[in-house]
Amino acid sequence: AQSVTQLGSHVSVSEGALVLLRCNYSSSVPPYLFWYVQYPNQGLQLLLKYTTGATLVKGINGFEAEFKKSETSFHLTKPSAHMSDAAEYFCAVSGGYGGSQGNLIFGKGTKLSVKP
Amino acid sequence: ETGVTQTPRHLVMGMTNKKSLKCEQHLGHNAMYWYKQSAKKPLELMFVYSLEERVENNSVPSRFSPECPNSSHLFLHLHTLQPEDSALYLCASSHPFGGPGDNEQFFGPGTRLTVL
Numbered sequence: 008a009q010s011v012t013q014l015g016s017h018v019s020v021s022e023g024a025l026v027l028l029r030c031n032y033s034s035s036v037p038p039y040l041f042w043y044v045q046y047p048n049q050g051l052q053l054l055l056k057y058t059t060g061a062t063l064v065k066g067i068n069g070f071e072a073e074f075k076k077s078e079t080s081f082h083l084t085k086p087s088a089h090m091s092d093a094a095e096y097f098c099a100v101s102g103g104y105g106g107s108q109g110n111l112i113f114g115k116g117t118k119l120s121v122k123p
Numbered sequence: 002e003t004g005v006t007q008t009p010r011h012l013v014m015g016m017t018n019k020k021s022l023k024c025e026q027h028l029g030h031n032a033m034y035w036y037k038q039s040a041k042k043p044l045e046l047m048f049v050y051s052l053e054e055r056v057e058n059n060s061v062p063s064r065f066s067p068e069c070p071n072s073s074h075l076f077l078h079l080h081t082l083q084p085e086d087s088a089l090y091l092c093a094s095s096h097p098f099g100g101p102g103d104n105e106q107f108f109g110p111g112t113r114l115t116v117l
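Protein chains in written order, with this note's numbering: chain C, 8 to 123; chain S, 2 to 117.
Each hint should be verified, as a subset may be incorrect.
Example chain S residues on the side facing chain C (calculated, C-beta under 7 Å, incomplete) [unchecked claim]:
hint, residue
1, Leu-12
2, Gly-15
3, Ala-40
4, Met-47
5, Ala-88
6, Asn-104
7, Gln-106
8, Phe-108
9, Gly-111
Below are the DSSO-like pairs computed for lysine-lysine, each with C-alpha atoms no more than 30 Å apart in a straight line [what the hints assert, rightly or not]:
hint, chain 1, residue 1, chain 2, residue 2
10, S, Lys-23, C, Lys-115
11, S, Lys-42, C, Lys-76
12, C, Lys-118, S, Lys-23
13, C, Lys-115, S, Lys-20
14, S, Lys-42, C, Lys-115
15, C, Lys-122, S, Lys-42
16, C, Lys-56, S, Lys-37
17, C, Lys-118, S, Lys-42
18, S, Lys-23, C, Lys-56
19, C, Lys-65, S, Lys-42
20, C, Lys-122, C, Lys-76
21, S, Lys-42, S, Lys-19
22, S, Lys-37, S, Lys-19
23, S, Lys-41, C, Lys-122
24, S, Lys-41, C, Lys-118
25, C, Lys-118, C, Lys-65
26, C, Lys-65, S, Lys-37
27, S, Lys-20, C, Lys-56
28, S, Lys-37, S, Lys-23
29, S, Lys-19, C, Lys-118
30, C, Lys-118, S, Lys-37
31, S, Lys-41, C, Lys-75
32, C, Lys-122, C, Lys-56
33, S, Lys-19, C, Lys-56
34, C, Lys-75, C, Lys-118
35, S, Lys-20, S, Lys-42
36, C, Lys-115, S, Lys-37
37, S, Lys-37, S, Lys-20
38, C, Lys-75, S, Lys-42
Worth flagging that the hints you see were computed from the coordinates, not collected in a lab. Even glycine gets a Cβ: it sits at the ideal position worked out from N, Cα and C.
So that you can see chain S by itself, here it is in the shape it has in the complex (with noise of 0.2 Å):
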């Protein structure tokens, strides 16, 4: 596998569910990214990991909660979700922060999620 993959690429839950997704990269960088895409709506930056620590959380609700338990995987557990939490939801990675690059984000191909 190469560049960021994302699994499942479709997910169907109901509300009272735990699921997981998963993303993962393969190109060395030490910085990931979770983003919300809904329809009509911007692209809304929901956590962000550098170095494997968390540093930045846009008042994202608490049913949401990402783990990076290394540089290459990321995680965002979800719980009790609302139909509105139905998206694309779409993972990046980049070199970190100050690091060499020039935050360029590479994004995975998404995983669809309906909430019922």
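Extracted from the complex, chain C is given alone in its bound form (with noise of 0.2 Å):
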């Protein structure tokens, strides 16, 4: 079974500061990791995902997530917050393979302020 933490349903950051979402995970099997962004009245747009390989991941508008097993996290990271980056940022897991554990169990989300 797998399961999500997002620690901070609301961050707030001033623009031009760095910005951290945290996100643990909890997964039986190895995981598959995803980091969604939803602005207000929008669905879910994929900003990043972990599947093998290379364990510091890139993805759109800046940000970037890195996986670590020994902690099992998979933080969301951006150098510099942009006022656009204001939404609410969800963290997801997979078990990688068929079943029910292909199913993404999503965190609760944070919701990320960008102050002038």
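From the two separate chains plus the hints, produce the assembled complex.
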């Protein structure tokens, strides 16, 4: 079984500051990990994903995340926040192969605010 | 049209009405999903179809009835809803479990449902 914990339901940063959104997962099988972003009144859009290979993955809009197996973490970072980054961010895990473990299990989301 | 589309984008209905939500994907996927997103609650997986067969139904009330006539279309039929069913309903698609790809789900923009 898989689960995801996102620490902090709300994160506020100043424009130009580092963005760090935390995600820890639990999985009984090698995980696939995802970060999605949701802007108001829109669906979820994939930011980046880790499946296998390089543990530091780069996504759209300058975001990146690092898979740390020893810490069961997949934190999302961006060096310099922009006003347009204000949105809700969801971390998700799947089991990587068939059956119900193929479903994505989502965290509760972290709402990011960016102050001018 | 590309990606995943949902209609209508907004729906207001009374508790005695019957309505349907429609989802269409143009990505060649064979798995489709319905999610419910309520304010201040995590994303809830409602139904999963893989290769046009329902593979998961997460204890959803019978007033919600899904239909998947082919791999490109997914419907959610609604009848005698309650005000607490008001939410954003999201559709997603992916490759089927155990198939090619990495379980990445592609989301539509959602239908904002209000039950009076």
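- Message: Need the status of pair C/Lys-75, C/Lys-118: alpha-carbon distance at most 30 Å?
- Response: Holds - the C-alpha atoms of C/Lys-118 and C/Lys-75 are around 23 Å apart, at most 30 Å.
- Query: Is S/Lys-20 close enough to S/Lys-42, meaning Cα to Cα at most 30 Å?
  - Reply: Status holds; Cα separation ~24 Å.
- Item | Pairwise hint evaluation, S/Lys-37 against C/Lys-65, where the allowed Cα distance is 30 Å at most | holds (29 Å)
- Task: Verify the proposed pairing of S/Lys-41 with C/Lys-118, using a straight-line Cα cut of 30 Å.
- Result: Roughly 11 Å between the alpha carbons, so the hint for S/Lys-41 and C/Lys-118 holds.
- Does S/Lys-41 pair with C/Lys-75 here, judged by a C-alpha cut-off of 30 Å? With Cα atoms ~29 Å apart, S/Lys-41 and C/Lys-75 stay inside 30 Å; holds.
- Take a quick look at whether S/Lys-41 and C/Lys-122 sit within 30 Å of each other, Cα to Cα. Given that 30 Å is the threshold and the Cα spacing comes to 22 Å, the pair holds.
- Item | Pair hint outcome, C/Lys-118 versus S/Lys-23 [Cα-Cα no greater than 30 Å] | Since the Cα atoms of C/Lys-118 and S/Lys-23 sit roughly 28 Å apart, the hinted pair holds (cutoff 30 Å).
- Query: Does S/Asn-104 pass the interface check with chain C, least Cβ-Cβ distance below 7 Å?
  - Reply: Hint on S/Asn-104: holds, closest Cβ of chain C at ~4 Å, below 7 Å.
- Message: For the restraint on S/Gln-106, tell me whether the closest CB of chain C is nearer than 7 Å.
- Response: Hint on S/Gln-106: holds, closest Cβ of chain C at ~6 Å, below 7 Å.
- Between S/Lys-23 and C/Lys-115, does the CA-CA distance stay at or below 30 Å? holds (26 Å)
- Task: Compare the distance between the alpha carbons of C/Lys-122 and C/Lys-76 with 30 Å, and conclude whether the hinted pair is satisfied.
- Result: Not OK: C/Lys-122 and C/Lys-76 at ~33 Å, beyond 30 Å, violated.
- CA of S/Lys-19 to CA of C/Lys-56, is that 30 Å or under? violated (39 Å)
In summary, the structure is inconsistent with hints 1, 2, 3, 4, 5, 20, 27, 29, 33 from the numbered list given earlier, while agreeing with the others.
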